[in-house]
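As a plain string of letters, each chain reads:
Number of protein chains: 6
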Amino acid sequence: MISKIVLTGAAGRLANHLRAPLAKICKTLVSTDIAPLQTEALANETFIEADLGDYAAVKSVMEGAEIVVHFGGHPDEKPFDEILHANIIGCYNVWDTAYHAGARRIVYASSIHAVGMHPKTEAINSRSQHRPDSYYGLAKCFAEDMAKLYWDKKGLEAVCLRILSCADVGNARAVGSWLSYGDLVHLVERSVDTPVAGFSVIYGVSNNDRAPVDNSDAAFLGYLPKDNAEQFAAEMFAKDGVLDPKDPDNMCHGGPFATTDLGESGVAKLGLKETKG
Amino acid sequence: MISKIVLTGAAGRLANHLRAPLAKICKTLVSTDIAPLQTEALANETFIEADLGDYAAVKSVMEGAEIVVHFGGHPDEKPFDEILHANIIGCYNVWDTAYHAGARRIVYASSIHAVGMHPKTEAINSRSQHRPDSYYGLAKCFAEDMAKLYWDKKGLEAVCLRILSCADVGNARAVGSWLSYGDLVHLVERSVDTPVAGFSVIYGVSNNDRAPVDNSDAAFLGYLPKDNAEQFAAEMFAKDGVLDPKDPDNMCHGGPFATTDLGESGVAKLGLKETKG
Amino acid sequence: MISKIVLTGAAGRLANHLRAPLAKICKTLVSTDIAPLQTEALANETFIEADLGDYAAVKSVMEGAEIVVHFGGHPDEKPFDEILHANIIGCYNVWDTAYHAGARRIVYASSIHAVGMHPKTEAINSRSQHRPDSYYGLAKCFAEDMAKLYWDKKGLEAVCLRILSCADVGNARAVGSWLSYGDLVHLVERSVDTPVAGFSVIYGVSNNDRAPVDNSDAAFLGYLPKDNAEQFAAEMFAKDGVLDPKDPDNMCHGGPFATTDLGESGVAKLGLKETKG
Amino acid sequence: MISKIVLTGAAGRLANHLRAPLAKICKTLVSTDIAPLQTEALANETFIEADLGDYAAVKSVMEGAEIVVHFGGHPDEKPFDEILHANIIGCYNVWDTAYHAGARRIVYASSIHAVGMHPKTEAINSRSQHRPDSYYGLAKCFAEDMAKLYWDKKGLEAVCLRILSCADVGNARAVGSWLSYGDLVHLVERSVDTPVAGFSVIYGVSNNDRAPVDNSDAAFLGYLPKDNAEQFAAEMFAKDGVLDPKDPDNMCHGGPFATTDLGESGVAKLGLKETKG
Amino acid sequence: MISKIVLTGAAGRLANHLRAPLAKICKTLVSTDIAPLQTEALANETFIEADLGDYAAVKSVMEGAEIVVHFGGHPDEKPFDEILHANIIGCYNVWDTAYHAGARRIVYASSIHAVGMHPKTEAINSRSQHRPDSYYGLAKCFAEDMAKLYWDKKGLEAVCLRILSCADVGNARAVGSWLSYGDLVHLVERSVDTPVAGFSVIYGVSNNDRAPVDNSDAAFLGYLPKDNAEQFAAEMFAKDGVLDPKDPDNMCHGGPFATTDLGESGVAKLGLKETKG
Amino acid sequence: MISKIVLTGAAGRLANHLRAPLAKICKTLVSTDIAPLQTEALANETFIEADLGDYAAVKSVMEGAEIVVHFGGHPDEKPFDEILHANIIGCYNVWDTAYHAGARRIVYASSIHAVGMHPKTEAINSRSQHRPDSYYGLAKCFAEDMAKLYWDKKGLEAVCLRILSCADVGNARAVGSWLSYGDLVHLVERSVDTPVAGFSVIYGVSNNDRAPVDNSDAAFLGYLPKDNAEQFAAEMFAKDGVLDPKDPDNMCHGGPFATTDLGESGVAKLGLKETKG
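Protein chains in written order, with the working numbering: chain A, 26 to 302; chain B, 26 to 302; chain C, 26 to 302; chain D, 26 to 302; chain E, 26 to 302; chain F, 26 to 302.
Extracted from the complex, chain A is given alone in its bound form:
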């Protein structure tokens, strides 16, 4: 049994789903966020409020960590300064303090937006070149490259989960890109329990008929999603109507992020209310 897992961004939408499953596989779960948890702490869960951009704060959270599940940071495009603070400096703080605390692996919420400018008609895989669509995506690229550095030179493992769309299916794109909460939990569990991880990249997407990715290079991780957004296809296609294929919003893996201005919310463009996650 894992001695201690640190979960960052624990008050966020996605990480909130991870608290209970992670708590079951470790002695101590340390949850951290700048905001309070959405629900009361679990029996073996400790909450520590901390700003990811504050090295000392993060360092004290990491004490004794064996595994870090890093879901903290802005979950959407923001002006560069905000991305810099939480998503770039924040990632450095997590990796460097985790390494010094003796952690052996980081499971990281990377994103499709690290490769969002690639056309959807070509399946992307673990070796696809970085091609960010936003500062948000750029920070994911940075974290992935840093993860490779700490693995190569320090032996700190990392599983980079390039999550597509972990939210309710609300548009045509999500019929291919949906990641259900159930599959997210399964993906994180496998990333934690795999005997070795080295430096790995895997796409976080459900077993959708139209999932536009190829995860075969990360076969060893054993990620087998079960949910399928095809059930929403008819409704979403009817709602969205005909899409212009020359519009990068429709053609690129990154969806609306492909055309928003740098620093402007891509989530808002979808007509969604941004929620922490």
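Hints are computed from structural coordinates only; laboratory data are not their basis.
Check the hints yourself; a few may be wrong.
No copy labels: a pair is met if it fits in one copy or bridges any two.
[Said to hold, decoys possible] The calculated lysine to any residue pairs, modelled on SDA-like cross-linking and capped at a C-alpha distance of 25 Å, are:
#1 K294 to V267
#2 K178 to E289
#3 K178 to F224
#4 K52 to A126
#5 K178 to S153
#6 K29 to L268
Assemble the complex: chain A is given as a structure, and chains B, C, D, E and F must be docked to it using the hints.
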């Protein structure tokens, strides 16, 4: 709902299976062929007799088309002049008139014979080089390259279906290459309802245990075949006996087309009666 | 029906599971080994004792063979001289006598150890470069290259089965690498009944959630494993505890063979008793 | 010494440069075109007027041909019907009659426009996918695929020369894409004298500092260009001024062909007078 | 003639060599650094002292820039905070202000250390995956990905020069990795005068016999280095003696950076005095 | 200066050219062969007669070796037993005794025949798959894989020189495949003096216009051949006349070895007298 779909080759064996399913997803289905339809027109179906090689005739068929499902042309090897008329000039006529009519996508019955000279022991994928085995296959290569041109320069989408063997399973090769009519219908439906298609290539083959292709690059299309020719394996292998692996008929993806003389029917070599389709 | 199948290493652990299934699909099964069979010969099975390193002996075994299923030789790392005799000279003897006897195909028990030094975080496929982890693996590389030579120049077909771990699941690695006996039988059956094989490489592994290979290039063979070692995951991971990912034993496809000294048993390192097979 | 070479398009600008060099290496040079030669016939040269689109005419030109150097057809974008006649039907006529006449190789003036929509910032090579920028380029794709078919099935060799810009250096693009007449002659000579050619693709470009291609896959042909358009760089860059890199005319290998309308001259867009060749 | 070039890091060792050549090809050269220039300003050169980490300061330097040659920032490994300030935030400041100032291209001093952990026995090319060896290299990865983002979304061109070793040849590694000042100047000139650049990566290394890179993908840039460190080979090899090939310092492209601790100078390990550049 | 170099096959045609150059760069050169040297021993050269197939004999030759240049073994196709003795067991003996003697690198005379069945119209490179054309080539494949094993597990470096045709230019094929003695010496010198080698593969061919290989992956070795067989082209092409491109002798990299029977001399087929080397 799609305003108008034009189906070419509608009197042919394959396209005949598409009439009812396509009629259900559009207001008007315009079916065209040089021969009369095999069965009475459906409620929202109009039949127009037209020769694909006649630009003016094709142009008038295309009026108002939103989607074109292009299955017309010779379904087997023929002397070059016949291929030229129906399959080369015919394709140009379809693409150019569809573009000028304002259509947004063509779903095209391409063929394994566009890449038929590749050895079967190497799975072929959407990026495999053209390697035709006949004038028939060469015309498919031409149409695919033209499809790419109209997509790149005009924004007219195309899904090129490289169909393997859409016919009764009658020999050992078909145990791997069979495409059932049910899976054909599903493939065309997904090619029509996918929100974007750009220029795509996908192999049309059922969920056979021994299907010798890799469709992972076209994952976004969501083609999930259900039928499996393995049920016929024992009978077909017994019938065909031991095959010479150095004979291109057996080793190449194109099967008997790999050794017929140019201009001579490959279908006939299989002992099948050629039927329109 | 196949006239005659020759099964080498028939007294070994793996080949013993093949005797009954192979006997069913041929008129005569000739089983050979240096040791007596584990059980009485089947109705249409003849046993011939022979040393693989003895050309004349192997030649007389091969008489009339149509298909050879070659599972003989040392199943573990040994000093070079022993590997040379049984696994290198032995393979030459099998290939050359099979060719002269008019056999048309050899199904060969190659091994993951032909590519054992590759990292597990990168899925290996049929085109991965040789990278042996032992003399044992080196002999498998030799046999595969010889198989390619006899196919290219003599038309003798070969299916090289790179078997991962065909043994009880007894450690964390095997949760990904297990090949059940049932799936082994299925794999050999497909390698025998496929109409053409040319020169092919395929990984022999069950349908494990965490199987670290990509068999898509050998899709035409129709190998569809059914068993899944995931049922043993919790127990094995608990037993093995945390693994050092910088230790090649854990990171490399070859497992413990990646760090044993040349000539020393890799199987022994696993705490398993070596058994013939 | 070669018995007979047939040179098509002999009255054209490019082929005119080939007459004398080809005449030196064969007993008989048969030059053909729809227009009269630019200069008097050479000692061992016979001129035959013929329309490439006329099978019978081409057939009689081919009689006894050992090598065909096929430079005929429209050298610029034209309406489809004109391309069809001279460049598609014309190529079929050349290949089929050459085969029946017993010729052993065709050296073909293909073009960069067969792959003109690829971005210039990625070097293209012999295996780059077709991506035509015009009907003209599409016809080159067709001829290359046909050349592969006749090689695979009939053993007729072909060297496809993807010529970039064989004309005076008159703009910034040509500083990279120039092919001098001297290098053209050398390229054709090597394509003729190479002991084997099979089916080959090679880019026809001079030894320009900025040539945006990679010919390493065709190394066996021994094409070593000598001229270098860098001498014109300063003048051309000054003349053209700053170029918009998002304009396909500037970014794509095909240059101005990337944005002309289908059927409209790309050469004219360059402000050049089209001349036969 | 270029209206205005901004040169950052102008007081540094490398950029100092660029001042005169750049001054010749523009009306105004704006040189900037946190330290004073090494020599008096040239006739059309203006020096502005500015800290790259200060957005407002950089913004005012960029006013009216047409081309930016960005050589500023720490030229060696440093603790993360220092790299963050000058090399990460600094790069953002340069790209964002250059874009808003209407600049059309940035020529960037990236580094071999962005891919320094790759083994030297495999030539690296423009498509090699990022694999940094230090925070310094990680910041180069960040800047390259940001460059791709600004090109994809804003049309701001970038040429990323992955410089190997632009310093006196002082050890065995530099016999392969040397970039002479003359070749550096030529490389920057070509990066500036190329008509289009899009997003490009090219290795900055002289024409050394043993240069371990493959620049063929960036052929269009026309970089043709002239110097050759082979002249120093005998002396350097004698000085360094036998090197352990299993030591990453010797085997990896990044040389000594491959084993220094994060944050510790790699240049110092070479026994060189770090100088600005 | 290297303390001791061991040169095997020293009485052979090729290695004889290496004696003097190697003697210059080491204190002691130990030359070994089963036959006496062609010329008197050099000042610092010791000759030891030894059979490569005799482990004890080879072991005593290796004593104190720092670098081994392994050119011994049959230089042509032979019956399998002879290849086994000298080229397979011989290579094992050399690698294993060299390792135990503390040698740090082996420079090995591998051969084009390890990849001889690939078509010449596709340039081969360091990563091309093994595809032997003879037992001779198969033994080269074996030695290369063994070299990789000793590098991966023991740190013994190896440079595998895939020599094309190191002999007088006597036929059309050699115009592309010639390796001059001067270039051979240079290639061996660079393989010896390169600071690191790891496991490397490089083609040994002169700077022929028509050399059908791509050595770019081994750029770090700095092999820059100077001779060019183009001087012999006219004479050889005239002598050989028209070649059938469908004949593997002409189309395959291995030349006549591609069609000789296994065990029969390929050199003899060329009409050359086999000489030791």
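Violating hint indices (sorted, rising): none
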